[in-house]
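Enquirer: Here is how the chains run, residue by residue.
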Amino acid sequence: MSIILDHVNYIYGGDTPLAVRALDDICLQIPDGQFIGIIGHTGSGKSTLVQHLNGLLKASSGSIYFNGEDIYDRDYDRKKLRSKVGLVFQYPEHQLFETDVFTDVCFGPKNLGLDKKEVELRAYDALRKVGLPDELFYQSPFDLSGGQKRRAAIAGVLAMKPEVLVLDEPTAGLDPKGREEILQQIRELQKKTGMTVILVSHSMEDVAEYVDRIIVMNRGRVMYDDVPKEVFRHGKELEEVGLAPPQVTYILQELRRRGLQVDTDATTVEEAADVVMRALQYVT
Amino acid sequence: MLRDITLGQYYQTESVIHRLDPRVKLAGTLLFIISLFFFKNFIGYLIAAVFLMLVIRLSHVPFRFMVRGMRAVLFLLLLTVVFNLFLTPGEPLVILWKVTITKEGLKTAINMAVRLSLLVVGSSVMTLTTTPNNLTDGMEKGLRPLKVFRVPVHEVAMMMSIALRFIPILMEETDKIMKAQIARGADFESGNIIRRAKALVPLLVPLFISAFRRANDLAMAMEARCYRGGEGRTKMKPLIYQKRDRIAYLCILIYLTVGIWLGRLQLPAIG
Ligand SMILES: Nc1ncnc2c1ncn2[C@@H]1O[C@H](COP(=O)(O)OP(=O)(O)OP(=O)(O)O)[C@@H](O)[C@H]1O
Ligand SMILES: [Mg+2]
Chain A
1 MSIILDHVNY IYGGDTPLAV RALDDICLQI PDGQFIGIIG HTGSGKSTLV
51 QHLNGLLKAS SGSIYFNGED IYDRDYDRKK LRSKVGLVFQ YPEHQLFETD
101 VFTDVCFGPK NLGLDKKEVE LRAYDALRKV GLPDELFYQS PFDLSGGQKR
151 RAAIAGVLAM KPEVLVLDEP TAGLDPKGRE EILQQIRELQ KKTGMTVILV
201 SHSMEDVAEY VDRIIVMNRG RVMYDDVPKE VFRHGKELEE VGLAPPQVTY
251 ILQELRRRGL QVDTDATTVE EAADVVMRAL QYVT
Chain B
1001 MLRDITLGQY YQTESVIHRL DPRVKLAGTL LFIISLFFFK NFIGYLIAAV
1051 FLMLVIRLSH VPFRFMVRGM RAVLFLLLLT VVFNLFLTPG EPLVILWKVT
1101 ITKEGLKTAI NMAVRLSLLV VGSSVMTLTT TPNNLTDGME KGLRPLKVFR
1151 VPVHEVAMMM SIALRFIPIL MEETDKIMKA QIARGADFES GNIIRRAKAL
1201 VPLLVPLFIS AFRRANDLAM AMEARCYRGG EGRTKMKPLI YQKRDRIAYL
1251 CILIYLTVGI WLGRLQLPAI G
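Residue numbers (my numbering), protein chains in the order written: chain A, 1 to 284; chain B, 1001 to 1271.
Hints are computed from structural coordinates only; laboratory data are not their basis.
It is possible that some hints are incorrect.
In silico BS3-like pairs for lysine-lysine, Cα to Cα no more than 27 angstroms straight-line [to be verified]: (1) Lys1198(B) / Lys161(A); (2) Lys1243(B) / Lys84(A); (3) Lys79(A) / Lys1198(B); (4) Lys84(A) / Lys1141(B); (5) Lys1198(B) / Lys117(A); (6) Lys84(A) / Lys1235(B); (7) Lys161(A) / Lys1179(B); (8) Lys79(A) / Lys1176(B); (9) Lys1147(B) / Lys129(A); (10) Lys1176(B) / Lys58(A); (11) Lys1179(B) / Lys116(A); (12) Lys1198(B) / Lys116(A); (13) Lys80(A) / Lys1198(B); (14) Lys192(A) / Lys229(A); (15) Lys1098(B) / Lys58(A); (16) Lys1235(B) / Lys79(A).
Across the chosen pairs, the derived CB separations fall in these ranges [said to hold, decoys possible]: (17) Leu18(A) / Arg1246(B): 41 to 49 angstroms; (18) Val227(A) / Leu1218(B): 40 to 48 angstroms; (19) Asp100(A) / Met1160(B): 52 to 60 angstroms; (20) Leu1200(B) / Pro31(A): 33 to 41 angstroms; (21) Lys1198(B) / Asp143(A): 23 to 31 angstroms.
Glycine included, C-beta positions come from ideal geometry on N, C-alpha and C.
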């Protein structure tokens, strides 16, 4: 059970002088239960790529298989696919439209044709999962703060109980605390439910700490696809395409250059602290 | 999806026509359209077509973009032709079962079809070679005399250019919100009219909110930069006629004189 992308290409504005090749020969395999980070500079094709995963965009060429079935087959049920691959767009708060948060979250499951009880149960469950306080459930979504709106919107997709959750820059425009909280919640959700989560971001720090695997996009191509450690080894190349490894990587590399025998593979602050402590004990 | 609708479809390239002062293009298009209604024989249309072809060649815009505008009016064109062809009374030419095609009908139909095509392609040349902003600039300056009659020319032009500027943005926004709602299982395509109208709510509400938010932001940004309307406002790129603009006016004048003179000649009846 997985998603497979096979030589996928996508071109915006096919026959106009402004044609843009947004995806260039993408081959990927996404197994169940993985937590994946997609990173890339602005305009590298991240959003375009994730919109293919639930069939919103149709590849100009190439094929995509979801659980072994070609999603471009004429009799493939793409509506069902959309409920299985939940996609949270960039700035999802712009899609809120109902008079209160709860009704808005109900929109997704209601479209699946579930009965009222099940719809409300799922909405309630989803709102709890994203950590929105109960007293906000019946407020107008437009009266919430940015971070709360974001949560409500994420709940709107979660309520459809997707097998794969794709989040396009869920932390864009939030303060560090809000960012931390949302990412933390996503991780917990992933651990608890074991669903596949794909997190799009252009910040390495965001991604490094949480994911099992990083896909680096550059100009519509997959540049690296590996575990975080391995990807961050290519510090220089990453900088060239406008990305930066986490700051701790820099510190560790500099320490090593100056003669401290540290392991530069650490990607989070805790790991790095650990590594440095060990190294210091070793030399003194 | 929605990107296929092209309004203000500017075609970016380098050419004399692109560089012309927008006032020249506006006036030229207007005169060209008016001239089409003066012609009485096919020579006039021939001259108009040749003139138009020359301008198109000079503009470096591929011909297929010109005819693309035709698609929108194709239905209208067909309707006009059909009605004129069958419903004009006069000397019968062909009689098929119950419908009669008259000589006059044939003539009017061809006349209308040619005129309409030239009209559409002619105005496409203007919109394809002039950015919307440039166009409103030209309108503002060209219509300035109307200020005497208290027409708020600057304000109208500003509103138009803002509106034009926002069309692609709102279109993109619509596309995005639509996709986001489809991802949540919304269905914009099936069901009867009532269901479809209802399905638009999740699209329209966020769209309106976003439009208001943008309008608000823009107004704020304009005020923060001390915008107070047209009084005493100068332009970064003021429109000043260059040599090429004068030459263009001359060309238009020559076309008009020759076209209308030859186009109104009483030709011996053909056939
Ligand atoms: N609707 C569209 N029409 C035309 N071109 C588009 C459209 N959407 C994106 N593009 C182009 O496709 C390329 C990839 O865009 P995409 O939105 O996938 O980038 P991204 O990696 O998500 O960037 P960001 O980090 O800014 O969100 C860009 O060059 C962009 O200009
Ligand atoms: Mg994006």
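Enquirer: Give a verdict on every hint.
Expert: To see whether the hints hold, each was checked on the structure:
For the given pair, Lys1198(B) sits about 25 angstroms from Lys161(A) by alpha-carbon distance, which is consistent with the 27 angstroms threshold. At roughly 64 angstroms between alpha-carbon atoms, Lys1243(B) and Lys84(A) are farther apart than 27 angstroms, so this suggested pair is violated. Between Lys79(A) and Lys1198(B), the direct Cα distance comes to roughly 19 angstroms. Compliance with the 27 angstroms bound is thereby established for this hinted pair. For the suggested pair Lys84(A) and Lys1141(B), the alpha carbons sit about 57 angstroms apart, so the restraint of at most 27 angstroms is broken.
Proximity of Lys1198(B) to Lys117(A) is assessed by CA-CA distance (about 22 angstroms); at most 27 angstroms being required, the pair is judged to hold. For the hint pairing Lys84(A) with Lys1235(B), the CA-to-CA distance comes to about 54 angstroms; that exceeds 27 angstroms, so the pair is violated. Our distance criterion of 27 angstroms between C-alpha atoms is met by Lys161(A) and Lys1179(B), whose separation comes to about 19 angstroms. Distance hint between Lys79(A) and Lys1176(B) is fulfilled; the C-alpha atoms sit about 18 angstroms from each other, no more than 27 angstroms.
Between Lys1147(B) and Lys129(A), the direct Cα distance comes to roughly 62 angstroms. Violation of the 27 angstroms bound is thereby established for this hinted pair. Annotation: proposed proximity of Lys1176(B) to Lys58(A) holds, straight-line Cα distance about 15 angstroms (limit 27 angstroms). Taking the CA atoms of Lys1179(B) and Lys116(A), the gap is near 25 angstroms; set against the 27 angstroms cutoff, the hint holds. Among the hinted pairs, Lys1198(B) with Lys116(A) is consistent with the structure: their alpha-carbon atoms are about 19 angstroms apart, no more than 27 angstroms.
Only pairs whose Cα atoms come within 27 angstroms are accepted, and Lys80(A) paired with Lys1198(B) is accepted, the gap being roughly 21 angstroms. With a C-alpha separation of about 24 angstroms, the suggested pairing of Lys192(A) with Lys229(A) holds against the 27 angstroms cut-off. Taking the CA atoms of Lys1098(B) and Lys58(A), the gap is about 50 angstroms. The hint is violated against a cut of 27 angstroms. For a cut-off of 27 angstroms, the pair hint linking Lys1235(B) to Lys79(A) is broken: about 52 angstroms separates their Cα positions.
Between Leu18(A) and Arg1246(B), the C-beta spacing of about 33 angstroms breaks the proposed range 41 to 49 angstroms. Range check, Val227(A) to Leu1218(B): about 46 angstroms between beta-carbon atoms, so the 40 to 48 angstroms window is met. Checked against the given bound of 52 to 60 angstroms, the beta carbons of Asp100(A) and Met1160(B), roughly 39 angstroms apart, lie outside it. At about 39 angstroms, the CB distance of Leu1200(B) to Pro31(A) agrees with the hint of 33 to 41 angstroms.
At about 25 angstroms, the beta-carbon gap between Lys1198(B) and Asp143(A) stays in the expected band of 23 to 31 angstroms.
Hint compliance for this structure: hints 2, 4, 6, 9, 15, 16, 17 and 19 are broken, all remaining hints hold.
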